[in-house]
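Visitor: Below are the chains, spelled out letter by letter.
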Amino acid sequence: MANEEEDASELKLGEDFLKEKCLMNAEVAKILQHKYDTANQMSDDPSSQLSQVFEKSFAYVKRFSRYKNPEAVQQVREVLSRNQLAEFEVCVLGNLCPETVEEATALVPSIAKKGRLDDERIEQMLADLARIKTFE
Amino acid sequence: MFFHIRLERNLQLHPRFFGPQLRDKLVEKLIHDVEGTCSGRHGFVVAVTGVDTIGKGLIRDGTGYVTFPIHYQCVVFRPFKGEILEGVVTLVNKMGFFAEAGPVQIFVSNHLIPDDMSFQSGDVPCYETSDSSVRIQKDSEVRLKIVGTRVDATEIFCIGTIKDDFLGLIGDPTAGA
Numbered sequence: 189m190a191n192e193e194e195d196a197s198e199l200k201l202g203e204d205f206l207k208e209k210c211l212m213n214a215e216v217a218k219i220l221q222h223k224y225d226t227a228n229q230m231s232d233d234p235s236s237q238l239s240q241v242f243e244k245s246f247a248y249v250k251r252f253s254r255y256k257n258p259e260a261v262q263q264v265r266e267v268l269s270r271n272q273l274a275e276f277e278v279c280v281l282g283n284l285c286p287e288t289v290e291e292a293t294a295l296v297p298s299i300a301k302k303g304r305l306d307d308e309r310i311e312q313m314l315a316d317l318a319r320i321k322t323f324e
Numbered sequence: 047m048f049f050h051i052r053l054e055r056n057l058q059l060h061p062r063f064f065g066p067q068l069r070d071k072l073v074e075k076l077i078h079d080v081e082g083t084c085s086g087r088h089g090f091v092v093a094v095t096g097v098d099t100i101g102k103g104l105i106r107d108g109t110g111y112v113t114f115p116i117h118y119q120c121v122v123f124r125p126f127k128g129e130i131l132e133g134v135v136t137l138v139n140k141m142g143f144f145a146e147a148g149p150v151q152i153f154v155s156n157h158l159i160p161d162d163m164s165f166q167s168g169d170v171p172c173y174e175t176s177d178s179s180v181r182i183q184k185d186s187e188v189r190l191k192i193v194g195t196r197v198d199a200t201e202i203f204c205i206g207t208i209k210d211d212f213l214g215l216i217g218d219p220t221a222g223a
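Taken in sequence, the protein lines are chains A and B. Counting in the numbering used here, the first sequence runs from 189 upward without gaps. Counting in the numbering used here, the second sequence runs from 47 upward without gaps.
Check before you lean on any hint, since a few could be wrong.
[Stated by the list, open to error] Subject to a maximum C-alpha distance of 30 Å in a straight line, what follows is the list of computed DSS-like cross-link-like pairs (lysine-lysine): (1) A/K256 - B/K184; (2) A/K244 - B/K102; (3) A/K250 - B/K102; (4) B/K140 - A/K256; (5) A/K218 - A/K207; (6) B/K140 - A/K218; (7) B/K127 - A/K301; (8) B/K184 - B/K140; (9) A/K301 - A/K321; (10) A/K301 - A/K207; (11) A/K209 - A/K256; (12) A/K244 - A/K301.
[What the hints assert, rightly or not] Chain B is nowhere near these chain A residues, computed Cβ spacing over 10 Å in every case: (13) A196; (14) D204; (15) V216; (16) I219; (17) K223; (18) N228; (19) N283; (20) E308; (21) E311; (22) A315; (23) T322; (24) F323.
[To be verified] Just so you have them, the derived chain A footprint on chain B, three or more residues with Cβ under 8 Å: (25) 47–58; (26) 90–102; (27) 153–166.
Worth flagging that the hints you see were computed from the coordinates, not collected in a lab. What you are looking at is a predicted structure, and each value in this text was computed from that prediction instead of being measured. Glycine included, C-beta positions come from ideal geometry on N, C-alpha and C.
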């Protein structure tokens, strides 16, 4: 089974997902909000049109979005992409917002591997993220 | 993790829909068919965001139905082993607790809860440290790591752990967070 080889901490996502675009919770919230609004306009009872999976996901991303402002989300992506991170790493960091270098490397062990990023670089990156959040 | 992926699907359409509205009808049927479904390979399909191409239809012998190959984009939720995510606790019992992260259910067994937390039954069952400083109950927000997934025909179940650094409670309902 393909599942046995998957390990997100080592960025093994399987070939179906390796090249696909990951989304942060805040980005998903924006997409789903748009869809929800459209469904709302189309009929009086949107819940009849939308699946349970949609509703659960929508509630979840609204609850766990770190950034409310779409521009902030854009900036987060830019900051993280500057550091040659994989899509998946970008989104995990964007979703969880670690505050310290230890936390970041514990949550996303792959960023510290293979001498990709040293602690200083990670610290700088986290400081940039914190700044975006402050000025949001 | 949520992904935005491209998928392909063959749709069968009854000949009565052939006409100027054919394309709309196909898109409508696609959304109706795939949204809310779950497969082990691609996870939960949350929302179709766009249709790239609709190929040439092929008439099925004997029935009159026509099969159209459709390439579309959608948002999916796919949990991975080793992934760290946040979830909301839905049920607590002496075996462990269940948390929900979007459409997926995650079970955290009491073996994968730190040893300094123990089960407390009562009106609101919970897991609590001996000094009551950390308390996991229904509606708590927890950060957990997925250690295993089990794939069913129509559902994915996950096993999670909070027995690691930087995992565990992130917001407490009683604290108003």
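Visitor: Work down the list of hints and note, for each, if the structure agrees.
Guide: Results of checking the hints against the structure:
1. A/K256 - B/K184: Holds - the C-alpha atoms of B/K184 and A/K256 are around 26 Å apart, at most 30 Å.
2. A/K244 - B/K102: Violated: A/K244 and B/K102 sit about 36 Å apart, past 30 Å.
3. A/K250 - B/K102: 40 Å, violated
4. B/K140 - A/K256: 37 Å, violated
5. A/K218 - A/K207: Holds. A/K218 to A/K207 sits at ~22 Å (cutoff 30 Å).
6. B/K140 - A/K218: With Cα atoms ~38 Å apart, B/K140 and A/K218 exceed 30 Å; violated.
7. B/K127 - A/K301: 18 Å, holds
8. B/K184 - B/K140: Holds, at about 13 Å.
9. A/K301 - A/K321: 27 Å, holds
10. A/K301 - A/K207: 20 Å, holds
11. A/K209 - A/K256: Since the Cα atoms of A/K209 and A/K256 sit roughly 21 Å apart, the hinted pair holds (cutoff 30 Å).
12. A/K244 - A/K301: Not OK: A/K244 and A/K301 at ~35 Å, beyond 30 Å, violated.
13. A196: 4 Å, violated
14. D204: Since the minimum Cβ distance to chain B is about 6 Å, A/D204 lies within 10 Å and the statement is violated.
15. V216: 5 Å, violated
16. I219: 6 Å, violated
17. K223: 5 Å, violated
18. N228: 14 Å, holds
19. N283: 7 Å, violated
20. E308: 20 Å, holds
21. E311: Its Cβ never comes within 10 Å of chain B, the nearest being 16 Å, so this holds.
22. A315: 18 Å, holds
23. T322: 19 Å, holds
24. F323: 23 Å, holds
25. 47–58: holds (count 6)
26. 90–102: holds (count 5)
27. 153–166: It is violated: at least three residues are needed, and the stretch 153–166 of chain B offers just 0 whose Cβ sits closer than 8 Å to chain A.
The structure is inconsistent with the numbered hints 2, 3, 4, 6, 12, 13, 14, 15, 16, 17, 19, 27, although it conforms to all the rest.
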